[in-house]
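Undergrad: Listed below, chain by chain, are the residues.
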Amino acid sequence: MLLRLYGQHGESRWAYADTPPYDAILVDASAPESASLPPVRLSSRHVLRLTRGNASSAQGGDALPRPLHAHKFRHWLDQVGLTLRTVPSTAPAESKTPIPDEDLAPPSYRSDAPVNEQDAQSSTEQVVVPDAAQAIPPADAPRYRLLRWPRQGVLRGDAQRIRMATLLSRRAMNAFDLVSLTGFTPHQCEVFLQVLQASALLAAEQPAAPAHNAASALPSAKPPSALARPRFTEGLITGLRKRLGL
Amino acid sequence: MAEYKILFTGTMGAGKTTAIGAVSETPPVVTDVVSTDPSHGKSHTTVGLDFGQLTLPSGDRVRLFGTPGQARFDFLWKILVKNALGLIILVDNSRPAPLTDLKVYLDGFTDELGQLPCVVGVGRLPGHPKPGLDDYLDEMARRNLVLPVLEVDVRQRADVVLLIDTLLAQLEASQYGV
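Which chain is which? The protein sequence lines are A and B, in order. Quick note: the first sequence uses my numbering, first residue 1, plus one each step. Quick note: the second sequence uses my numbering, first residue 1, plus one each step.
Please note: incorrect hints may appear among the correct ones.
Claimed, not checked - Cut-off 20 angstroms, straight-line C-alpha distance, at most; resulting in silico cross-link-like pairs (DMTMM-like, lysine to aspartate or glutamate):
1) Lys103(B) to Asp135(B)
2) Lys242(A) to Glu25(B)
3) Lys242(A) to Asp134(B)
4) Lys82(B) to Asp107(B)
5) Lys103(B) to Glu139(B)
6) Lys103(B) to Glu151(B)
7) Lys103(B) to Asp92(B)
8) Lys78(B) to Glu112(B)
9) Lys5(B) to Glu234(A)
10) Lys5(B) to Glu112(B)
11) Lys242(A) to Glu112(B)
12) Lys242(A) to Glu3(B)
13) Lys130(B) to Glu151(B)
14) Lys78(B) to Glu3(B)
15) Lys82(B) to Glu112(B)
I should point out that these hints are in silico values taken from the structure, not numbers from a laboratory. Values in this document were obtained by computation on a predicted structure and should not be read as measured data.
Next up, chain B with everything else stripped away, as it sits in the complex (with noise of 0.2 angstroms):
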């Protein structure tokens, strides 16, 4: 039985809890703590990682790992990332400089991106649309990434899977014909 893994990451209050559990098979194992931080409206946020699970028809493992949002701990983001399948960045628009945000994970997982598939999840998009998904494409063109970048709302199952999707999508690609 093999295992393997999908990483979510993103700010606090990017959804990265709600979005494993949309398709965890198991509800999500939280690691959420009171919050100090008053800047993100949370009660409680999560300081270590959030872990789901899907279990294949072969029986193999996907976990979904949830990354601490705070930059603080990127230290873990590195020891997560390793042998990932794929990195699902989770950005919350409402916040105040969510371009800034992704900066911040397109930085922490720099080398990575080259190789790992990767999507960029934008969410609270209708009730926050500056910046526009646009906005986003122009930053990720200013670095020569071609990454998807995808309107979500995490409580929405559909959208998660579309997520998944895409990244099975960029293996696929990258196995083709090989």
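This is chain A alone, in the form it adopts within the complex (with noise of 0.2 angstroms):
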């Protein structure tokens, strides 16, 4: 499919990527796991989802079923990019078809659920093409925390996958406050939340909200990495890994 896709000559250029950012996420619906995508805003890019059978009618335009046939497929994206081109870079692309509200409901851990990490990762596939828009999530979205520390397949050896799972071990955070400590875009951000809710390894918590946060006094066009942080920790972080040369 990947070859007949290549070989057609749409109306907008993509390539593979299995690192985020993303413009666009190839889900199987069928698998257990898709039914809990997105705990996190899915604010900048576009999610196709494969379907068994007739689902496709019922969801609308942003699902395709199988067997998935190249020029669907190739239809799909050429919309999404037109979609891509026309939204303006600093704004979010939304979906052109919304998530269903139950899609985009957080769904309850389920310590007895048998996860395989590996066949949450397997089970997503990602299209992504440059400069994706880089929305700020939204400050006052569900935080979560870290239950376990995920398996190699999820971290991948990614050191900055590592930096985000190590955050969430220590504190309930959401896709924003990832964004201010990290740096990393939004797109990281949301994605690696996702992958970490695909495999059951996170918790909704409502701990004190950050200082900044529960002031509500952000200005939407201040940037997350402007927040203050206490000097000491900034100061002795910021310098630290300026010397390991981080």
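Starting from two chains that each stand alone, build the complex the way the hints lay out.
TA: Written as structure tokens, this is what we have:
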């Protein structure tokens, strides 16, 4: 299918990517973990669900039935590409078809459910084009804490993922918090949260909100990196990271 | 000028001295002596402590201490860990029972692990794949600990830097919004 896809000349040029940021994500709607896809807002990417039977007609234009045909996929990609080109780069590229509410709702954590993170990883494929919209995630989104350190298949030895997982192991956070602390793109943070959620590694938590969030005084134009942090931590961490060449 | 410290602990031969040497700006001060323990195949081992340091742009210093590996020196662990920024536990996966080794250090620092940033680095995994990292995660889960567990080659500076960065991220999370 991919060969036929590459053989067609569509209106937009796409490339497969296995690391974020992603502009479009392909998920297997029949996989159990796909029902728990995003706990965080899908603000700047498009999700195509692969369904079985005629489920696509009920779910709108962002679902296609199996077997996936190259020309249908190409058509969907062209539509997404058009949307991405017409939406200003600073604004989120909203999905043409809203994600159903049940998909946006954070799933309850099932501690008794078997977890196969490798499967969770492999059931999601990503397609990306450069210059993805980088919308700052909402500060008041639900926060999640890591229940268990992720397996290798989830982290892939990626230092950025390791840092995000470490932060989540200590405090409940959302994508906004991760972006604020790490400086990684909203895409990276949101996708990683989704991967953890799909692997049933996160639990929703409502800790005392960080001071800047509680005040709700953050101007929307203010970048998260400008948020105040304790001087002790900031000076030490920044200095040590700099010293170590990070 | 402030001074901070990071503690490296783990069994004999786990690579504490090497890890400190990989990032220290000065050659580590090593207190190795001739080993009388034939079980681990080292001619020398650390019975006091290793010491290295990093000077930050602000002039502050971060001391890197390696504990003596032998459990009989655990009274020193308690002294060294006081006011530490974080703890790096190094495990040698080529030893006969590395999970048991890990338990020794988790027990030894159990009072501190609730608050103190900590990371577990597992070495020599390529040549000794059992137990795997997942087995370490299972042990952590049994203890209700959510600690980073990473494969490391302490000869690689980048691996040691990643361990330290993981401690920093824990500090960062603890201080976030406070």
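Undergrad: Take the hints in turn and mark each one as holding or not.
TA: Hint check results:
A distance of roughly 12 angstroms separates the Cα atoms of Lys103(B) and Asp135(B); the hinted pair therefore holds under the 20 angstroms criterion. Only pairs whose Cα atoms come within 20 angstroms are accepted, and Lys242(A) paired with Glu25(B) is accepted, the gap being roughly 13 angstroms. About 32 angstroms separates the Cα atoms of Lys242(A) and Asp134(B), which puts this hinted pair outside 20 angstroms; it is violated. Simply put, Lys82(B) and Asp107(B) have alpha-carbon atoms about 16 angstroms apart, close enough for the 20 angstroms limit, and the pair holds.
The straight-line distance between the Cα atoms of Lys103(B) and Glu139(B) is roughly 8 angstroms, inside the 20 angstroms bound, and the hint therefore holds. Among the hinted pairs, Lys103(B) with Glu151(B) is consistent with the structure: their alpha-carbon atoms are about 17 angstroms apart, no more than 20 angstroms. The suggested pairing of Lys103(B) with Asp92(B) holds, with an alpha-carbon distance near 13 angstroms, which does not exceed 20 angstroms. This hinted pair checks out: Lys78(B) and Glu112(B) have alpha carbons roughly 9 angstroms apart, not beyond 20 angstroms.
Distance check on the hinted pair: Lys5(B) and Glu234(A) sit about 16 angstroms apart at the alpha-carbon level, within 20 angstroms; holds. Only pairs whose Cα atoms come within 20 angstroms are accepted, and Lys5(B) paired with Glu112(B) is accepted, the gap being roughly 15 angstroms. Distance check on the hinted pair: Lys242(A) and Glu112(B) sit about 27 angstroms apart at the alpha-carbon level, beyond 20 angstroms; violated. Restraint check for Lys242(A) and Glu3(B): satisfied, since their Cα atoms lie roughly 17 angstroms apart, inside the 20 angstroms limit.
A hinted pair counts as satisfied when its Cα atoms are at most 20 angstroms apart, and Lys130(B) with Glu151(B) qualifies at roughly 13 angstroms. With a C-alpha separation of about 19 angstroms, the suggested pair Lys78(B) and Glu3(B) falls inside the 20 angstroms cut-off, and the hint holds. Our distance criterion of 20 angstroms between C-alpha atoms is met by Lys82(B) and Glu112(B), whose separation comes to about 9 angstroms.
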